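Peer 1: Here the protein sequences line up with chains Y and B, keeping their order. Counting from -15, one number per residue, gives the positions in the first sequence under my numbering. Counting from 471, one number per residue, gives the positions in the second sequence under my numbering.
Worth flagging that the hints you see were computed from the coordinates, not collected in a lab. Bear in mind the structure is a predicted one, so any value in this text is a computation, not a measurement. Incorrect hints may have been included.
Unchecked claim - Pair ranges (Cβ atoms, derived): (1) B:695 <-> Y:364: 54 to 60 Å; (2) Y:328 <-> B:682: 50 to 56 Å; (3) B:781 <-> Y:188: 56 to 62 Å; (4) B:482 <-> Y:335: 35 to 41 Å; (5) B:946 <-> Y:364: 34 to 40 Å; (6) B:479 <-> Y:-1: 34 to 40 Å; (7) B:960 <-> Y:152: 36 to 42 Å; (8) B:960 <-> Y:-15: 44 to 50 Å; (9) B:518 <-> Y:342: 38 to 44 Å; (10) B:960 <-> Y:132: 29 to 35 Å.
Just so you know, even glycine gets a beta-carbon here, dropped at the ideal spot from N, CA and C.
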Amino acid sequence: MKLHARGIASSISSLIVGEIAHTLTVANGKERILSVNDGYNSAAIGPAAIISSLPFEGLPQEFKLLPSVHSAGALDHLAEGDIVLIKPDGELHTLYRRQSDHNALFVTDRCNSNCLMCSQPPKDRDDIGFFLEINMRLLELIPKDIHILGITGGEPTLLGPRLYFMLRKIKDRLPDTEIHMLTNGRAFAWMNYAELVASVDNPRMVYAIPLYSDYYALHDYIVQAKDAFSQTTLGIHNLARLNQRIEIRIVLHKQVIPRLKQLANFIYRNMPFVDHVALMGLEYTGYTPHNDPLLWIDPYDYVEQLNDAVEFLALNGVNVSIYNLQLCLLPKHLWKYCRKSISDWKQIYIDECMQCDWREECGGLFMSSTRKHSSHIAPMKKQ
Amino acid sequence: MAPLASRKFKPLEFYSSPSIAYYLLPFRFHRLNDSREILVNEVGDYIVAPIDTARRIAAHDISPSESIYADLVANFFISEKPIPDLIDILATRYRTKKSFLDDFTSLHIFVITLRCDHTCHYCQVSRQSEDKHQYDMSRTDIDGFIDLMFKSPSRDVTVEFQGGEPLLVFDNIVYAVKRIEELNRADKRRVRFVVCTNLSNINLDILTFLKEHGILISTSYDGPEFIHNSNRTFSRGNSHATVLEKIGLCREILGNDMVSALMTASSLTLNYPVEIVDDYVAQGLPSIFLRQINPYGFAKKNRMKNAYTAEQFLEFYKTALQHIINLNLRGLFFLEEFATIILSKILTPFPIGFTDLQSPNGMINGAIVYNYDGFVYASDESRMLAEERDFTFQLGHVKSDSYQKIFYGAKAQHIAKYWANESLAGCSECGFQSYCGADPVRHYATQGDLAGYRPTSSFCITNMEIIRFLIELLTENRSIERVFRSWVNKTPL
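Using the sequences and the accompanying hints, generate a full structural model.
Peer 2: In structure tokens, the structure reads:
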């Protein structure tokens, strides 16, 4: 899935965030970016910018003084209603895709943890103002009927009090949208911060918080941050006290598996109030290949531990799901917990899947799994 | 919390500071059998470990390299700091376990008459014959008790009509229900009504009223005919046939889940554990409460028929429970209520709502009894004692005493010294303390002393062994653990 393009900028002095239009006859009050290719509507009025595969000379005369990115290669990944960011250097980033259920606000590259298996390793640069500005503008444009919207990074709580303002804007603009914020939850150990964020009072918001062990040292090691376990656990309790909805996320790898059952027990005993627990297959990207010896275990080899944890939680009335694992690796009685969780833009099937009768029901693999995946993936027949 | 971004990862040792100089958090322990002991912390989390583990923990002999070290830290048995970072979590857990205290008295039992049309030999309440109307609660007293009830802070209120046989004074029940509903229009509490009845007098008119007001039925059913009729003597006919017919009628009109049945084990019962369970299953009942007889009322007088030892009851209980477990393993969802209550204490972080397995005991805190004669008692058993002219647990009278005096007076304060097992000799250091309760009334009735003496207490002997037995089953057999969890969560496997 293509989410970036690059061309040559003309007359662009600052960031432009706008909605893609292929024809433009009505000014609807939104910033619109006209994608000009084979043909264009000469009745078009008032686009904020032009993007085009054509060279500058090929642009219609009346568009030549507008901000534009030309010579941008194929742009057919951009559909009507998608929202893109145009940077003065000619880069085009897709921020929102109309046809997808996997849209998210990216809020920072920074993180206060540094997980061994991070799929999107943090970068230590001050980008918070930059992304906040983009996201606030993006929020003006996202249609109100969007079903679900993620918030991701990096670590969103590094926005500090500014996170509150972004969340308030989300609630005002998208009151009917499920909001899923990925956060390590550590900052919520400070009750005043938890209170500030919770005061947004958005009943559709879920905090998706990872917890990797019931033993502090192991969790802290996995996230490479001292005191993270205590902070996250206290944070979860503070959020619960403020009636916030919480999902626990557990990435399954070699460090986590030996105490997985104990972790499930810890969650049920100490945080039975959580909305959902997601047990997630490892994504082979980011730091993971680098830390392969510490992390890799074939999912086939942890099915027993996974089964114990899932059944324990389900039996105790905890809502539990399995993410990112292929049906062929799991006993059938666990299939009902499997979700098609891999975002469409990075989800694939491999050769073995092509003969499988269950492909439609299966969530497939990460694109990065081409580098490494379970050696037990095999096609299955339906009776 | 400085931002991080580096591929220079630090090893596990950097993040752990395990030390043999750990600190002990409050926990207790108990030997389960010759090879294993159980460690239980202040909030009921447990670890089953080899014999000698508790001693080794206390002697700081557990090495951080042992896998149990992480278990002990993670489950609040030991801490590497004098005050663990997660002490607030432990506090929340403790508050949750004790949250049955939050709302104070929620169960209000109205002994609306002491008259009864049955003459059960194990009757614990010393019923009176059908024609003695001086044993009915007067309307004035009903009004007075309802006023008392509305002084209770609890937003959830259960009104239970007991007897005697409450349906002998059905018009008074109608009166009370209507008055409560009327007063509650302003008060807006969640009110549930229960009638504890032998069903002999139930008819369509009564059922129509019960249905209109969403009233639950709790009845007595002792299993196979020869046992039930031997226990429950009914002058006007066959109690077994009557109750079964009427249960059917109630289910038809009110719905299955509005009718529950309770058994009481007489000496005869103890010989038929399997038969009783099978009979309950055959009648389509969803569960059974294998209930030991209470040593009050006629139950105490008719010793031949009702006097059995704790050991005899335990043998019966275990056989019946094993049978029930086997039925569940074969796919039936049918639970034993007493085990389910104890298992909820062991397996869940939540509180339970059963007076005698709570600490503090649920008397006054959770339940109160309004007797037919206007007196208020601390519990159902307390009024049973009163029928034997022992008024130790009489808290006051509806006409002459205030809510304050009844619920917080000198009597209540005296009883309160004995209702928490945390502060009772023999319980305070018991490994099963978190899973058990305290029963000052029973200890007073059987041992003449509210505190009681544990080594000869039938309450202690019975509960200790049932708890031990459940833990043994639960920790030695994964399939049984699954069955138990399905009971606790009221979800079929």
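Peer 1: Run every hint past the structure and note whether it holds.
Peer 2: Cross-check of the supplied hints:
| no. | hint | verdict |
| --- | --- | --- |
| 1 | B:695 <-> Y:364: 54 to 60 Å | holds, 55 Å |
| 2 | Y:328 <-> B:682: 50 to 56 Å | holds, 55 Å |
| 3 | B:781 <-> Y:188: 56 to 62 Å | holds, 58 Å |
| 4 | B:482 <-> Y:335: 35 to 41 Å | holds, 38 Å |
| 5 | B:946 <-> Y:364: 34 to 40 Å | holds, 36 Å |
| 6 | B:479 <-> Y:-1: 34 to 40 Å | holds, 35 Å |
| 7 | B:960 <-> Y:152: 36 to 42 Å | holds, 40 Å |
| 8 | B:960 <-> Y:-15: 44 to 50 Å | holds, 45 Å |
| 9 | B:518 <-> Y:342: 38 to 44 Å | holds, 40 Å |
| 10 | B:960 <-> Y:132: 29 to 35 Å | holds, 32 Å |
Hint check: no violations occur; every hint is consistent with the structure.
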